[in-house]
Amino acid sequence: MWKWLHPYAKSESAYQLCTTLVPWFSISAILALSIGTVWGLGFAPADYQQGDSFRIIYIHVPSAILSMGAYAGMAIAAFIGLVWQIKTAYMGMMAIAPVGAVMTFIALFTGAAWGKPMWGTWWVWDARLTSELVLLFLYLGVIALYKSFDDKIQAGKAAGVMALVGVINLPIIHYSVEWWNTLHQGATISKFEKPSIASEMLWPLLINLFGTGLLVGALSIKRLQNELLRREIHRPWAIKTLIREGKA
Amino acid sequence: MNPRRQKRLMGISAIVLLVAAAVWMMLTALSENIDHFYTPSEIVEGKNGAMPQVGQRLRIGGMVVPGTVNRDPDTLAVSFDLVDVGPIVTVSYNGILPDLFREGQGIVATGRLTEFDFIVAEEVLAKHDEEYMPPELAEKMKGIKHVKPQNIGAGQ
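Same order as they appear, the protein sequences are chains H and C.
The numbering used here numbers the first residue of the first sequence as 1 and each following residue consecutively.
The numbering used here numbers the first residue of the second sequence as 249 and each following residue consecutively.
Just so you know, the hints here were simulated from the structure itself, not pulled from any lab data.
A couple of the hints might just be wrong.
Per label pair, the in silico range of CB-to-CB distance [unchecked claim]:
| id | chain 1 | residue 1 | chain 2 | residue 2 | range |
| --- | --- | --- | --- | --- | --- |
| 1 | H | Arg235 | C | Leu266 | 35 to 41 Å |
| 2 | C | Ile344 | H | Ser199 | 34 to 40 Å |
| 3 | C | Lys255 | H | Val38 | 49 to 55 Å |
| 4 | C | Ala262 | H | Glu232 | 30 to 36 Å |
| 5 | C | Ala277 | H | Gly42 | 44 to 50 Å |
| 6 | C | Gln304 | H | Pro117 | 29 to 35 Å |
| 7 | H | Leu5 | C | Glu371 | 50 to 56 Å |
| 8 | C | Val333 | H | Val38 | 42 to 48 Å |
| 9 | C | Thr316 | H | Trp125 | 27 to 33 Å |
| 10 | C | Gly352 | H | Ser199 | 23 to 29 Å |
Below, in silico cross-link-like pairs of lysine-lysine (DSSO-like), each with a Cα-Cα straight-line distance of 30 Å or less [claimed, not checked]:
| id | chain 1 | residue 1 | chain 2 | residue 2 |
| --- | --- | --- | --- | --- |
| 11 | C | Lys295 | H | Lys3 |
| 12 | H | Lys191 | C | Lys388 |
| 13 | H | Lys87 | C | Lys255 |
| 14 | H | Lys3 | H | Lys222 |
| 15 | C | Lys295 | H | Lys191 |
| 16 | H | Lys3 | H | Lys194 |
| 17 | H | Lys3 | H | Lys152 |
| 18 | C | Lys255 | H | Lys157 |
| 19 | H | Lys147 | C | Lys255 |
| 20 | H | Lys147 | H | Lys157 |
| 21 | H | Lys87 | H | Lys147 |
| 22 | H | Lys152 | C | Lys255 |
| 23 | H | Lys10 | C | Lys255 |
| 24 | H | Lys194 | C | Lys388 |
Since the model is a prediction, treat every value here as computed from it, not as a measurement.
Here a beta-carbon is modelled for each residue, glycine too, at the ideal position from N, C-alpha and C.
The task is simple: from the sequences and hints, build the whole structure.
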């Protein structure tokens with residue numbers, strides 16, 4: 001059933017696949033993000049309570065959702081790496097990690113900038129904010145653990161176990177606003193009921209969410225490509241690729 | 249799947265499950281401390297069988313009861329009632345209220361319980377809900393007319 005997937009564990013075919021995917025991901029990410037951002041910041045109506053300040057939602061919510069999505073992707077790569085012992089999967093895991101960490105940071109930063117005028121404070125130690133901060137530390141921990149090993153297979157295993165264990169934080173972040181009393185409000189779009197946001201405000205948000213997902217994908221794929229080349233720089237395929245692309 | 253992979257799969261799943269169980273038990277044990285605030289009924293009727301003590305520093309989160317906001321005309325002192333589903337707790341505060349503070353709004357206040365239903369607050373934060381809509385729609389659906397806080401006094 002999964003036989004078609006096996007060739008992509010090889011560095012060269014993974015690299016080729018990335019080369020095909022990168023332009024699609026980056027072009028559609030740029031398109032979606034420009035449409036969504038201009039629409040959201042410039043044309044969507046202001047909120048009845050928060051006025052124009054609510055517009056930071058168009059950056060805050062996509063980056064927050066993708067900080068969790070990237071973590072899930074990283075954990076799946078770690079799982080594949082650990083069970084099937086594929087080193088390309090570890091490289092994928094480490095390609096995603098910094099991108100996800102940046103998304104988490106953007107979510108925390110825009111959240112603080114939004115909290116100050118609306119709630120009256122930059123930061124409170126409520127369950128949602130704290131668990132998102134823990135997510136940032138998990139990303140940094142995975143990266144630091146990986147960097148602290150010289151043997152990259154050992155490094156991948158150690159960081160992979162940490163990434164997998166950290167998955168427990170994802171449902172905690174998502175349900176924190178339901179399980180506990182938090183200053184942060186409940187979910188607006190990531191729930192099974194109808195989104196509690198007017199449709200002319202929802203569309204640019206969805207487009208930006210989609211665009212941010214593509215951006216995370218594009219950056220991770222590009223990083224994976226670089227890592228593949230860096231690790232196998234002495235192998236014939238890498239040298240051939242570099243010469244073909246005119247970089248050596 | 250060959251036996252070695254199966255063994256690794258079982259091993260990794262076991263680690264993740266065990267850690268998940270440990271975290272879940274920790275969170276259950278800590279759950280009352282993780283809550284960011286008490287609701288008014290939890291302050292008056294107790295929470296999980298424990299009553300908050302008079303003199304205790306705590307946070308309260310509830311809805312401002314319309315018509316109970318009393319501002320001192322000369323100072324920044326203000327007092328208002330908070331409610332969730334039943335009992336009412338009165339909060340007094342001396343300071344600048346956040347922009348979103350208005351009657352019917354959810355707020356979170358930090359302060360000291362001086363009587364069983366009276367809190368002297370040092371900090372008042374506004375909590376907003378997860379609904380976003382343009383003002384015209386809000387007026388149609390909820391009958392809420394958005395007025396800037398400084399215009400409230402002038403309009404009445």
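- Query: Against the structure shown, which of the earlier numbered hints fail to hold, in ascending order?
  - Reply: Violated hints (numbers, rising): 11, 16; every other hint is consistent with the structure.
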